[in-house]
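Colleague: Here is what each chain is made of, one letter per residue.
There are 2 protein chains.
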Amino acid sequence: MERITATYLIETPLELARVAEVLAGEQSSGTFVAVPGETAELKARYAARVEQIEMLETVTTSSLPGVRGGSGKFQRARIRISWPLENVGYNLPALVSTLQGNLYELAQLSGLRLLDFDLPASFAAKFPGPRFGVAGTRRLAGVNERPLIGTIIKPSVGLSPAETAEMVQTLCEAGIDFIKDDELMANPPHSPFNERVAAVMKVIHAHADRTGKQVMYAFNITEEFDTMQRNYDTLLSARATCAMVSINPVGLTAVHKLAQRGELPIHAHRNGWGQLTRHPLLGMEFTAYQKLWRLAGVDQLHVNGIANKFWEPDDSVVKSLEACSSPFLSGQPLLPVVSSGQWGGQAFETYRRFPSQDLLYLAGGGIAAHPGGPAAGVRAIQSAWRYAVDGLKLEEAAERSPDFKASIEKFGRS
Amino acid sequence: MERITATYLIETPLELARVAEVLAGEQSSGTFVAVPGETAELKARYAARVEQIEMLETVTTSSLPGVRGGSGKFQRARIRISWPLENVGYNLPALVSTLQGNLYELAQLSGLRLLDFDLPASFAAKFPGPRFGVAGTRRLAGVNERPLIGTIIKPSVGLSPAETAEMVQTLCEAGIDFIKDDELMANPPHSPFNERVAAVMKVIHAHADRTGKQVMYAFNITEEFDTMQRNYDTLLSARATCAMVSINPVGLTAVHKLAQRGELPIHAHRNGWGQLTRHPLLGMEFTAYQKLWRLAGVDQLHVNGIANKFWEPDDSVVKSLEACSSPFLSGQPLLPVVSSGQWGGQAFETYRRFPSQDLLYLAGGGIAAHPGGPAAGVRAIQSAWRYAVDGLKLEEAAERSPDFKASIEKFGRS
Chain A
409 MERITATYLI ETPLELARVA EVLAGEQSSG TFVAVPGETA ELKARYAARV EQIEMLETVT
469 TSSLPGVRGG SGKFQRARIR ISWPLENVGY NLPALVSTLQ GNLYELAQLS GLRLLDFDLP
529 ASFAAKFPGP RFGVAGTRRL AGVNERPLIG TIIKPSVGLS PAETAEMVQT LCEAGIDFIK
589 DDELMANPPH SPFNERVAAV MKVIHAHADR TGKQVMYAFN ITEEFDTMQR NYDTLLSARA
649 TCAMVSINPV GLTAVHKLAQ RGELPIHAHR NGWGQLTRHP LLGMEFTAYQ KLWRLAGVDQ
709 LHVNGIANKF WEPDDSVVKS LEACSSPFLS GQPLLPVVSS GQWGGQAFET YRRFPSQDLL
769 YLAGGGIAAH PGGPAAGVRA IQSAWRYAVD GLKLEEAAER SPDFKASIEK FGRS
Chain B
409 MERITATYLI ETPLELARVA EVLAGEQSSG TFVAVPGETA ELKARYAARV EQIEMLETVT
469 TSSLPGVRGG SGKFQRARIR ISWPLENVGY NLPALVSTLQ GNLYELAQLS GLRLLDFDLP
529 ASFAAKFPGP RFGVAGTRRL AGVNERPLIG TIIKPSVGLS PAETAEMVQT LCEAGIDFIK
589 DDELMANPPH SPFNERVAAV MKVIHAHADR TGKQVMYAFN ITEEFDTMQR NYDTLLSARA
649 TCAMVSINPV GLTAVHKLAQ RGELPIHAHR NGWGQLTRHP LLGMEFTAYQ KLWRLAGVDQ
709 LHVNGIANKF WEPDDSVVKS LEACSSPFLS GQPLLPVVSS GQWGGQAFET YRRFPSQDLL
769 YLAGGGIAAH PGGPAAGVRA IQSAWRYAVD GLKLEEAAER SPDFKASIEK FGRS
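Residue numbers (this note's numbering), protein chains in the order written: chain A, 409 to 822; chain B, 409 to 822.
Just so you know, these hints were derived from the structure itself, not from any lab.
A hint or two may mislead.
A pair holds if it fits inside one copy or across any two, identical chains being indistinguishable in the list.
[Stated by the list, open to error] With a Cα cut of at most 30 Å, we get these calculated DSS-like pairs of lysine-lysine:
hint, residue 1, residue 2
1, Lys813, Lys534
2, Lys699, Lys451
3, Lys451, Lys610
4, Lys534, Lys621
5, Lys610, Lys818
6, Lys818, Lys534
7, Lys621, Lys813
8, Lys818, Lys451
9, Lys818, Lys727
10, Lys481, Lys451
11, Lys699, Lys813
12, Lys610, Lys813
13, Lys801, Lys481
14, Lys451, Lys801
15, Lys610, Lys699
For reference, chain A alone in the conformation it holds in the complex:
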């Protein structure tokens, strides 16, 4: 019988094997006391199963509050649990309830983190994954055999549609491949969505008519459900080529529904993700997270960047890059979106650790605040990537590209 499996990092002051059984029981046929209908037959067929327990270190401090019992020693372990597919069926939010549900609430655990999960191959029929992914985005943006270079409209809020369009004009002329709204910019009174789309797309089409290059602009369609659908329609009418969504606030099922339309790549902004992952014994790993969003059908997903301005260590960023490009069911890979304090200097370490050019490299301030102007900022990043792929070191690239040299002087701290 087909089974769903999940791997967790757990921490408990109690007997490990017993706690693993409680966890499995909570997420299938059990409750806090034996109930009449829980027959042996039913248990045999529907109970979740503890597949593996791998002991890790013990610690002397509980990672999370509210744990009950035990001796003051906390055992960590990696455990694998499985469920019959029949418990859930092909139902994405119900799958999430099964994988996570009330587990974070268990008083027997002083830590729980969903590390990864795997699904039967038969999920692919209902959840084909990204419609565009890397290949579709490249086709629409007309960029092959190098990373897509993008930027974010800054300041995040406060610009009118006309001011935004002016900035887009400058960025188009600077040779950018991709521009996006900030996640704080959706549909405020000072920049109504429809007006922004009209103003920006006029510039983008004019530039495309002139040069043959249509810059991809990811408009933030984040809104109530019906408005998001209308925003998507607006993008189609305006011949825009990308829809951005703040996936955590919008939620899994609405994003899935949008992605199923399949007419525009979905640029998935993961704002809010920090609360789900920053504590090492809580929430989940990006490995699991990106699988959920691949099932929902997003195409481009944020992964932070090497030497970012946020808390996340480089190792974690590299793992996320790898996760996006790993096979999952029979779907195509996600296009990872690298961002946060990026200016080109990180291209070398990024490529060394993730030797692929299938990524969207975003620089906000790194382009807008380049001393030579945004065109120099774009050229600097393009040069950095070209030389990084060619195997040059940062200092060698600086010697060959004055624009990149200027970036190092302005932004280089790593």
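Starting from the known structure of chain A, arrange chain B on it as the hints suggest.
Modeller: Positioned in the frame of chain A, the structure of chain B alone reads:
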């Protein structure tokens, strides 16, 4: 000008006032480097403002990893930030991006928790809040002037529609007010949603025809977006009176869209909530969480219970009960759903600390596993509540109700 305000608990090794400004900047007009368009005029109009900083204790260990800089001492503080309404408009997911966004990622912070937020009164026009709430649920369930007594179908998974209906028959005869699917039971092959609805509602209608009492059954409609809408239609056709949704996996905008239909109360199951709240310096307080879901329009929201089987302390549960019944905008209060290891014994402490009967009191095992059978289980809980409201102590109630006495002997550990 109307402003949105939010209160956070933060922890930082750096200078507090400076960090509060970084936080405000990240969530409005700033980025990691000054950019040309961020003029003084724009800043004056759109920048988030630090309204208040209240110093709390210092600690010597960082609550979250990845913090950069500082002296090894971590200052905690409560801070209040405000934004012009104009930055966001009336846009629920964009509001969430503004309140939370990338804040959990900031390397300047070793802890961040959203405690509460407040909105201009003008939000009420677009977000009227619960359509049913306490009053609407009472009307549909025909229960006044006492708590609604409910239960969960257990085992959670594995029962066929016919077996579920049989259990519903028993529970109806036992005098229950409310029954719900488990959050793990949505639309699996062994209990297809439509068949379960048909089988269960046949029993419920027959019971109503016989006795005049229509038991409220919250069917778990959790599924992909279109299927949820169809499931909702199925409930209307079957004259069911409640739709249950796993709100975190389904997501804010899809739940909002469902609630806007306004034909059925939405029973909001908060599974997954633990990962957002269990760490005291991460995620958010229930006070903020329930406001988001009131904006989305849910009617009944889980709050855990006194002396629950999970990690949560009673103080936190009481705070959640109070939050659900507190005024918010001009909407009506939420009906709090009390559950987790409940069997009636907790009625006394629950009523002492939250002297209201406007709640839905769920007991799963507490009813199904009562030694005298489920009817005795329901009677025991009803007696416990009646005597608790009358001011009796648990022991006094036990003397007057043999059913409750049997519950104490079976479940009483607190």
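Colleague: Each hint should be assessed against the structure and marked as holding or not.
Modeller: We went through each hint and held it up to the structure:
For a Cα distance limit of 30 Å, the shortest separation of Lys813 from Lys534 qualifies neither inside one copy, at 50 Å, nor across copies, at 52 Å. Taking the shortest alpha-carbon separations for Lys699 and Lys451, only the intra-copy value of 29 Å comes in at or below 30 Å, while the best inter-copy value is 39 Å. For the homomeric pair Lys451 and Lys610, the shortest alpha-carbon distance between copies (28 Å) is at most 30 Å, but the shortest distance inside one copy (62 Å) is not. With identical chains, the CA atoms of Lys534 and Lys621 are never at most 30 Å apart, being 35 Å at best within one copy and 41 Å at best between copies.
In this homomeric assembly, Lys610 and Lys818 never come within 30 Å of each other (Cα to Cα): the closest approach is 33 Å inside a single copy and 73 Å across copies. Taking identical chains as interchangeable, the C-alpha atoms of Lys818 and Lys534 are never at most 30 Å apart, the minima being 49 Å within one chain and 46 Å between chains. Taking identical chains as interchangeable, the C-alpha atoms of Lys621 and Lys813 lie at most 30 Å apart only when both belong to the same chain, with a minimum of 27 Å there against 79 Å between chains. In this assembly of identical chains, the alpha carbons of Lys818 and Lys451 lie at most 30 Å apart only when taken from different copies (23 Å versus 64 Å within one copy).
In this homomeric assembly, Lys818 and Lys727 come within 30 Å of each other (Cα to Cα) only inside a single copy, at 29 Å, whereas the closest approach across copies is 50 Å. In this assembly of identical chains, Lys481 and Lys451 lie within 30 Å of each other by CA distance neither inside one copy nor across copies; the values are 32 Å within and 52 Å between. For the identical chains of this complex, Lys699 and Lys813 are neighbours neither inside a copy (39 Å) nor across copies (50 Å), given an alpha-carbon limit of 30 Å. Taking the closest pair of Cα atoms, Lys610 and Lys813 never come within 30 Å of each other, the shortest separation being 34 Å inside a single copy and 76 Å across copies.
In this assembly of identical chains, the alpha carbons of Lys801 and Lys481 never lie at most 30 Å apart, being 48 Å within a copy and 38 Å across copies at closest. In the homo-oligomer, the alpha carbons of Lys451 and Lys801 never lie at most 30 Å apart, since the shortest distance is 60 Å inside one protomer and 39 Å across protomers. Taking identical chains as interchangeable, the C-alpha atoms of Lys610 and Lys699 are never at most 30 Å apart, the minima being 36 Å within one chain and 40 Å between chains.
Violated hints, listed in ascending order, are 1, 4, 5, 6, 10, 11, 12, 13, 14 and 15; each of the other numbered hints is respected by the structure.
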